[in-house]
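Novice: Listed here are the chains, written in short residue letters.
Number of protein chains: 2
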Amino acid sequence: MNHQSDIFIDSQPIKLDCGKQLRYQLSYDTYGTLNPNKTNAILICHALTGDQYVASTNPVTQKSGWWANLVGPGLPIDTDKYFVICANVLGGCLGSTGPASQNPDTGKIYGLDFPVVTVFDMVRAQARLIDHFNIDRLFSVIGGSMGGMLVLEWAASYKSRILSAIPIATGSRHSSQNIAFHEVGRQAIMADPNWQSGNYHSLNTSPAKGLAVARMAAHITYMSDQSLQQKFGRNLQDRDSISFGFDADFQIESYLRHQGMSFVDRFDANSYLYLTRAMDYFDLAAKFDDSLMSAFIDTDIRFCIISFTSDWLFPPEESKLIAQALNRVAANVSYVEVNSPKGHDAFLLDEPEMFSAVSGFLTSTAQKYNICDKGENL
Amino acid sequence: MNHQSDIFIDSQPIKLDCGKQLRYQLSYDTYGTLNPNKTNAILICHALTGDQYVASTNPVTQKSGWWANLVGPGLPIDTDKYFVICANVLGGCLGSTGPASQNPDTGKIYGLDFPVVTVFDMVRAQARLIDHFNIDRLFSVIGGSMGGMLVLEWAASYKSRILSAIPIATGSRHSSQNIAFHEVGRQAIMADPNWQSGNYHSLNTSPAKGLAVARMAAHITYMSDQSLQQKFGRNLQDRDSISFGFDADFQIESYLRHQGMSFVDRFDANSYLYLTRAMDYFDLAAKFDDSLMSAFIDTDIRFCIISFTSDWLFPPEESKLIAQALNRVAANVSYVEVNSPKGHDAFLLDEPEMFSAVSGFLTSTAQKYNICDKGENL
Numbered sequence: 094m095n096h097q098s099d100i101f102i103d104s105q106p107i108k109l110d111c112g113k114q115l116r117y118q119l120s121y122d123t124y125g126t127l128n129p130n131k132t133n134a135i136l137i138c139h140a141l142t143g144d145q146y147v148a149s150t151n152p153v154t155q156k157s158g159w160w161a162n163l164v165g166p167g168l169p170i171d172t173d174k175y176f177v178i179c180a181n182v183l184g185g186c187l188g189s190t191g192p193a194s195q196n197p198d199t200g201k202i203y204g205l206d207f208p209v210v211t212v213f214d215m216v217r218a219q220a221r222l223i224d225h226f227n228i229d230r231l232f233s234v235i236g237g238s239m240g241g242m243l244v245l246e247w248a249a250s251y252k253s254r255i256l257s258a259i260p261i262a263t264g265s266r267h268s269s270q271n272i273a274f275h276e277v278g279r280q281a282i283m284a285d286p287n288w289q290s291g292n293y294h295s296l297n298t299s300p301a302k303g304l305a306v307a308r309m310a311a312h313i314t315y316m317s318d319q320s321l322q323q324k325f326g327r328n329l330q331d332r333d334s335i336s337f338g339f340d341a342d343f344q345i346e347s348y349l350r351h352q353g354m355s356f357v358d359r360f361d362a363n364s365y366l367y368l369t370r371a372m373d374y375f376d377l378a379a380k381f382d383d384s385l386m387s388a389f390i391d392t393d394i395r396f397c398i399i400s401f402t403s404d405w406l407f408p409p410e411e412s413k414l415i416a417q418a419l420n421r422v423a424a425n426v427s428y429v430e431v432n433s434p435k436g437h438d439a440f441l442l443d444e445p446e447m448f449s450a451v452s453g454f455l456t457s458t459a460q461k462y463n464i465c466d467k468g469e470n471l
Numbered sequence: 094m095n096h097q098s099d100i101f102i103d104s105q106p107i108k109l110d111c112g113k114q115l116r117y118q119l120s121y122d123t124y125g126t127l128n129p130n131k132t133n134a135i136l137i138c139h140a141l142t143g144d145q146y147v148a149s150t151n152p153v154t155q156k157s158g159w160w161a162n163l164v165g166p167g168l169p170i171d172t173d174k175y176f177v178i179c180a181n182v183l184g185g186c187l188g189s190t191g192p193a194s195q196n197p198d199t200g201k202i203y204g205l206d207f208p209v210v211t212v213f214d215m216v217r218a219q220a221r222l223i224d225h226f227n228i229d230r231l232f233s234v235i236g237g238s239m240g241g242m243l244v245l246e247w248a249a250s251y252k253s254r255i256l257s258a259i260p261i262a263t264g265s266r267h268s269s270q271n272i273a274f275h276e277v278g279r280q281a282i283m284a285d286p287n288w289q290s291g292n293y294h295s296l297n298t299s300p301a302k303g304l305a306v307a308r309m310a311a312h313i314t315y316m317s318d319q320s321l322q323q324k325f326g327r328n329l330q331d332r333d334s335i336s337f338g339f340d341a342d343f344q345i346e347s348y349l350r351h352q353g354m355s356f357v358d359r360f361d362a363n364s365y366l367y368l369t370r371a372m373d374y375f376d377l378a379a380k381f382d383d384s385l386m387s388a389f390i391d392t393d394i395r396f397c398i399i400s401f402t403s404d405w406l407f408p409p410e411e412s413k414l415i416a417q418a419l420n421r422v423a424a425n426v427s428y429v430e431v432n433s434p435k436g437h438d439a440f441l442l443d444e445p446e447m448f449s450a451v452s453g454f455l456t457s458t459a460q461k462y463n464i465c466d467k468g469e470n471l
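Here the protein sequences come in this chain order: A and B.
Take 94 as the starting number for the first sequence in my numbering and just add one per residue.
Take 94 as the starting number for the second sequence in my numbering and just add one per residue.
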């Protein structure tokens, strides 16, 4: 598979939703080959703590790509057919400009001086990257969770620039409960004295404990009650009986502590604040007089919306609201509710029903628009 | 209403599940009057952060009793008929012996030297308090959430000493997800440098930020997604538009921060560690060869089990497991699933269906056993 890592340094700043101008770069990976008439490009949008290493080894964790089971030669997102682009989002911490970047105006790390970015801002920057490739129209935009929000924003704000959209395990706005969980995570980070009002980089400290707690809380929301019970239940960790103490007696405790501790090695605490904030602020209908229908009016985009039955962070009801709005404007939409006990995380896991939905949808769309047919040089 | 606050200082230590002996006291309140043959006593067991002020003003918060709508003259738990006892649990921080108490062996505050207590230990201490009243048999034991665990433990371990039991919004064991949320709370407390390995009392510090984060995370689990959405939705707090910052833009954020901050004024952080641990350790069937049925075999107790449809912390399924086990041993059990959108917190709120279930169950049980009839002097 043809795989490249690169950095796009925009020569122009973008104007953000908050009103500020920002000079920025995006770190991105590509897989496969862009065809001559540039009709086979798929943009993949990663989730909150995801990255551009969708089908390649993450250089920090040395783990294989987070969608390596979905993206590659012969896989549902077939890199023998499609040219896949995945960029670290604006505000992220894996090479794209974010709060851990240097502020060109001061020479210091931004910290909380970094402007609060929105999902729309992330998409604006991605659109510039697509311009940079001279791609008029993306064959598809695909993403789960926060990535799904970006997909929806693309569909609403860049109607003519995408042919199809696959928002997975997401919603058109962050719910009260979701904001609540994010707020707990942010408060855990800010409660850590090593956070230092966001200036920890300059002061050579790290709010590792606070960030670990934030990750632990979030991680619970990524799994279903049932999957936690099946995977861990009340099983004890490396012991035959309870310790009558505060060690990690239970496997679930040990697992969560590990999740928290390993997260801090790969993620910037301020980025976590900014990206959770962007998700909280996301409310697609709000920009269209609170009418989700209006966000999609006159769209030619083909939609495939996927949700998971046991996902309680973005329950199927949230996806159905999107499908209903699309139906009301007579859009081309298919909705797949995947029966899975794995909770929100299902979109990252081996889910054959999701795989076949993505594969079937892309193939039929490609056939309809004569993308990647034999006449094309790939 | 006859209301008294008192302290029971046990002349004998109790032997705890962990093997240690503990000298202790229980701080308790009573409401109503014990009848001459001592057949009208109801023990109420409070929840994790509850207290003995079930129907009287909490002297710390100045708030009215947490079940003042359920317990009182003419109310479902009618203090004109019944003698209500509610004691702060062992390990608590409102007058009963806990980690914030002085260790008689050292003269210092216990901190983490306090032995880890279990739900059974809490019930053992309560049984001594009931002995102190010379009550052979309680008319009923009632409680929600952690209090419901104590009710179940009473029913399993002191079969002959209670006539009826009303476990509400609870389970026979803490689930993996529930342990996970508690572990996040504990890690938030322990991550606070002011926790000082539990010695904050001696060092005149307070892990207030960590405890507030713990409370915020827990509070989300007490409400349903639906009730959060209905009550707060994405409403903004004291502003017309988002601030593009990390203030509490949303009402739900402001609400959670308030919940966190006000909690630290009334609760001891170490007590929070110990009581959550007791709940995590609770697994009634485990003591009976993993057979919940065996826990209740040959019981004469009348049970009324109550759950709430939208409670995702202790979902109705958990209550049904208890009801099924009781049915299998031919126990006298009624199960009421209250239709409520309010989540776990419903057991503390104005829920007419719960009120009438409690009232009806107590009245019919009293009639059957000739408790509180006209012949009795109350």
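Check before you lean on any hint, since a few could be wrong.
Note: identical chains are not told apart, hence a pair may lie in one copy or across any two.
[Unchecked claim] Straight line, CA to CA, 20 Å or less: simulated DMTMM-like cross-link-like pairs of lysine to aspartate or glutamate:
1) Lys-113 to Asp-391
2) Lys-131 to Asp-99
3) Lys-156 to Glu-410
4) Lys-324 to Asp-383
5) Lys-324 to Glu-410
6) Lys-380 to Asp-333
7) Lys-113 to Asp-173
8) Lys-380 to Asp-229
9) Lys-380 to Asp-171
10) Lys-324 to Asp-376
11) Lys-113 to Asp-198
12) Lys-324 to Asp-443
13) Lys-380 to Asp-391
14) Lys-461 to Asp-393
15) Lys-113 to Asp-340
16) Lys-156 to Asp-103
17) Lys-131 to Asp-173
18) Lys-324 to Asp-171
19) Lys-131 to Asp-224
Quick caveat, the hints were computed from the structure, so don't treat them as lab data.
Novice: Could you figure out if Lys-131 and Asp-173 sit no more than 20 Å apart (CA to CA) within one copy, between two copies, both or neither?
Specialist: within (14 Å within a copy, 82 Å between copies)
Novice: When Cα atoms must be at most 20 Å apart, do Lys-324 and Glu-410 count as within-copy, between-copy, both, or neither?
Specialist: between (26 Å within a copy, 19 Å between copies)
Novice: How would you label the pair Lys-113, Asp-198 (within, between, both, or neither) given a Cα cut-off of 20 Å?
Specialist: within (13 Å within a copy, 63 Å between copies)
Novice: When Cα atoms must be at most 20 Å apart, do Lys-324 and Asp-376 count as within-copy, between-copy, both, or neither?
Specialist: For Lys-324 and Asp-376, the Cα distance is within 20 Å only across copies (18 Å; inside one copy 34 Å).
Novice: With identical chains, the pair Lys-380 and Asp-171 could be close in the same copy or across copies; at 20 Å between alpha carbons, which is it: within, between, both, or neither?
Specialist: neither (35 Å within a copy, 54 Å between copies)
Novice: Between copies, within a copy, both or neither: which fits Lys-461 and Asp-393 at Cα up to 20 Å?
Specialist: Intra 13 Å, inter 71 Å, cutoff 20 Å: intra-copy only.
Novice: Quick one: Lys-131 to Asp-224, C-alpha cut-off 20 Å, is that within a copy, between copies, both, or neither?
Specialist: Answer is within: at 12 Å inside a copy they meet the 20 Å cutoff, but 84 Å across does not.
Novice: Under a CA distance limit of 20 Å, which applies to Lys-324 and Asp-383: within one copy, between copies, both, or neither?
Specialist: between (41 Å within a copy, 19 Å between copies)
Novice: Using 20 Å as the alpha carbon limit, work out where Lys-113 and Asp-391 are close: within a copy, between copies, both or neither.
Specialist: neither (31 Å within a copy, 73 Å between copies)
Novice: My question is about Lys-380 and Asp-229: at a cut-off of 20 Å on alpha-carbon distance, are they close within one copy, between copies, both, or neither?
Specialist: neither (25 Å within a copy, 67 Å between copies)
Novice: Indicate which option fits the pair Lys-380, Asp-333 if close means a Cα-Cα distance not exceeding 20 Å: within, between, both or neither.
Specialist: between (56 Å within a copy, 14 Å between copies)
Novice: What label fits Lys-113 with Asp-173 when the C-alpha limit is 20 Å: within, between, both, or neither?
Specialist: So Lys-113 and Asp-173 fail the 20 Å test inside a copy (41 Å) and across (67 Å) alike.
Hints 1, 3, 7, 8, 9, 16 and 18 from the list above are not met by this structure, while the remaining hints are.
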